[in-house]
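S.K.: Sequence:
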Amino acid sequence: MRKAELIDSEDSEKLLLITGIEAAAIDCMNTIKEKSKSDFLVVNCGDGLVELTLRKIVNNKLVEKSLSSSKLCGSNCIDKEFLAFISKKVGSTALKNLGKNHNDQLQCLIKKFRKRVKNKDHYNVYDMNLEKICPDIKQYVTDSYLKELKENGWKIKISYDDIKPMFNPIVEQIVQLIHEQLKLSNYCLTIFLAGSLGKSRYLRTSIEQEFQQHIIIVPRQPLATVVSGALEYGLNMDSIHSRVIDMTYGVGILHPWKEDNSNERQFFNRLVSKGTEVHVNQEFVFKLDYKDQTKFYIELYSTSAQDAIFCDEPGVSKVGTIGIEIPESWDNFQSVNLVLFLGQIEIHPFIKNEKEEFSRVNFKVTLV
Numbered sequence: 001m002r003k004a005e006l007i008d009s010e011d012s013e014k015l016l017l018i019t020g021i022e023a024a025a026i027d028c029m030n031t032i033k034e035k036s037k038s039d040f041l042v043v044n045c046g047d048g049l050v051e052l053t054l055r056k057i058v059n060n061k062l063v064e065k066s067l068s069s070s071k072l073c074g075s076n077c078i079d080k081e082f083l084a085f086i087s088k089k090v091g092s093t094a095l096k097n098l099g100k101n102h103n104d105q106l107q108c109l110i111k112k113f114r115k116r117v118k119n120k121d122h123y124n125v126y127d128m129n130l131e132k133i134c135p136d137i138k139q140y141v142t143d144s145y146l147k148e149l150k151e152n153g154w155k156i157k158i159s160y161d162d163i164k165p166m167f168n169p170i171v172e173q174i175v176q177l178i179h180e181q182l183k184l185s186n187y188c189l190t191i192f193l194a195g196s197l198g199k200s201r202y203l204r205t206s207i208e209q210e211f212q213q214h215i216i217i218v219p220r221q222p223l224a225t226v227v228s229g230a231l232e233y234g235l236n237m238d239s240i241h242s243r244v245i246d247m248t249y250g251v252g253i254l255h256p257w258k259e260d261n262s263n264e265r266q267f268f269n270r271l272v273s274k275g276t277e278v279h280v281n282q283e284f285v286f287k288l289d290y291k292d293q294t295k296f297y298i299e300l301y302s303t304s305a306q307d308a309i310f311c312d313e314p315g316v317s318k319v320g321t322i323g324i325e326i327p328e329s330w331d332n333f334q335s336v337n338l339v340l341f342l343g344q345i346e347i348h349p350f351i352k353n354e355k356e357e358f359s360r361v362n363f364k365v366t367l368v
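What the sequence shown shows, in the UniProt record's numbering, is residues 1 to 368, in sequence order.
Worth double-checking, as some hints may not be accurate.
[What the hints assert, rightly or not] Straight-line C-alpha distance at most 25 Å; calculated SDA-like pairs for lysine to any residue:
hint: 1; residue 1: Lys274; residue 2: Ile326
hint: 2; residue 1: Lys352; residue 2: Ala305
hint: 3; residue 1: Lys138; residue 2: Asn168
hint: 4; residue 1: Lys150; residue 2: Gly99
hint: 5; residue 1: Lys274; residue 2: Ala305
[To be verified] Label-pair restraints from in silico Cβ distances:
hint: 6; residue 1: Glu180; residue 2: Gln221; range: 20 to 30 Å
hint: 7; residue 1: Lys132; residue 2: Asp47; range: 24 to 34 Å
hint: 8; residue 1: Leu15; residue 2: Pro165; range: 41 to 51 Å
hint: 9; residue 1: Thr366; residue 2: Asp121; range: 29 to 39 Å
These are calculated hints, taken from the structure and not from any lab test. Glycine residues also receive a C-beta, built at the ideal position from the N, C-alpha and C atoms.
My request is simple: use the sequences and hints to build the entire structure.
M.R.: Right under this line is the structure:
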């Protein structure tokens with residue numbers, strides 16, 4: 001974005017971050033804003049990842065009700081099941097050679113499956129003509145596979161009974177994810193299916209049969225749900241009321257600016273625990289004991305555990321380093337606190353004096 005000259009720096013106020021699943025929730029919120037006061041579940045079925053978030057609308061703003069969940073069981077997984085089906089018809093070696101030497105034809109085969117089978121509202125027997133779609137596969141097919149395909153004119157019939165084994169393992173995983181989220185709600189009425197797989201008639205029918213007490217909604221443009229929600233968030237950041245923190249955050253001890261403390265073991269001073277609902281503008285305060293120093297740094301850590309004691313424990317990772325310089329005009333203040341806003345996607349650290357005056361600090365994120 002900097003190369004495109006859309007922003008001047010990485011910390012530009014013009015750059016806003018939002019997760020895909022939250023953007024989808026914002027877009028879905030408009031559908032039920034005036035219809036229901038119950039929780040609603042958004043299931044964003046992307047190409048790779050399926051993400052779920054449980055939300056509620058309070059004063060026209062989104063409240064996150066639980067930690068979001070996700071699993072690699074998206075649309076691409078069905079494509080893999082389709083290729084496994086084709087492999088049984090042409091032989092695994094033939095399919096591998098097609099992908100290795102003629103990948104464009106393999107991709108064409110997958111696209112044809114998506115258009116003529118996977119995304120159809122009604123499933124009829126489809127004759128997939130390999131000779132037209134991927135003609136170079138013929139040179140790799142041998143033995144009994146070759147004999148059968150020649151007899152069938154290089155066509156493979158795909159029936160509804162063939163489709164079910166492709167979809168069912170993926171659908172079962174998505175159903176399980178939905179059940180797990182619904183257990184966290186006292187009253188969830190609506191389930192949204194978004195994303196590339198969200199438009200699948202097979203998935204929708206399966207979800208409707210499994211969750212008959214719920215209203216199942218597919219947005220008009222399920223593929224555009226994330227983009228639409230992200231645009232709306234950029235125009236109205238006040239659409240988010242609170243989020244559930246997905247990690248436990250804490251800080252280490254203060255370090256003088258030029259002193260090497262690499263061998264010193266730090267206590268993990270917890271600020272907020274994983275699973276806590278946090279308002280967007282909620283402050284998390286850490287009292288600074290800086291004595292006569294005006295420049296120092298403090299490190300921010302995160303972990304999925306609730307009971308970390310030291311910052312070097314397994315599972316504890318450094319999020320970044322906060323460089324602090326006390327303004328000269330603050331010399332007369334008795335105390336200064338580090339303040340972090342953790343209810344947003346980005347982490348915003350500041351320092352604050354007794355008069356509730358804020359000053360920005362330098363925050364260098366640790367790249368993994």
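S.K.: Taking the numbered hints from earlier one at a time, note which ones the structure violates and give those numbers from smallest to largest.
M.R.: 1, 2, 3, 9
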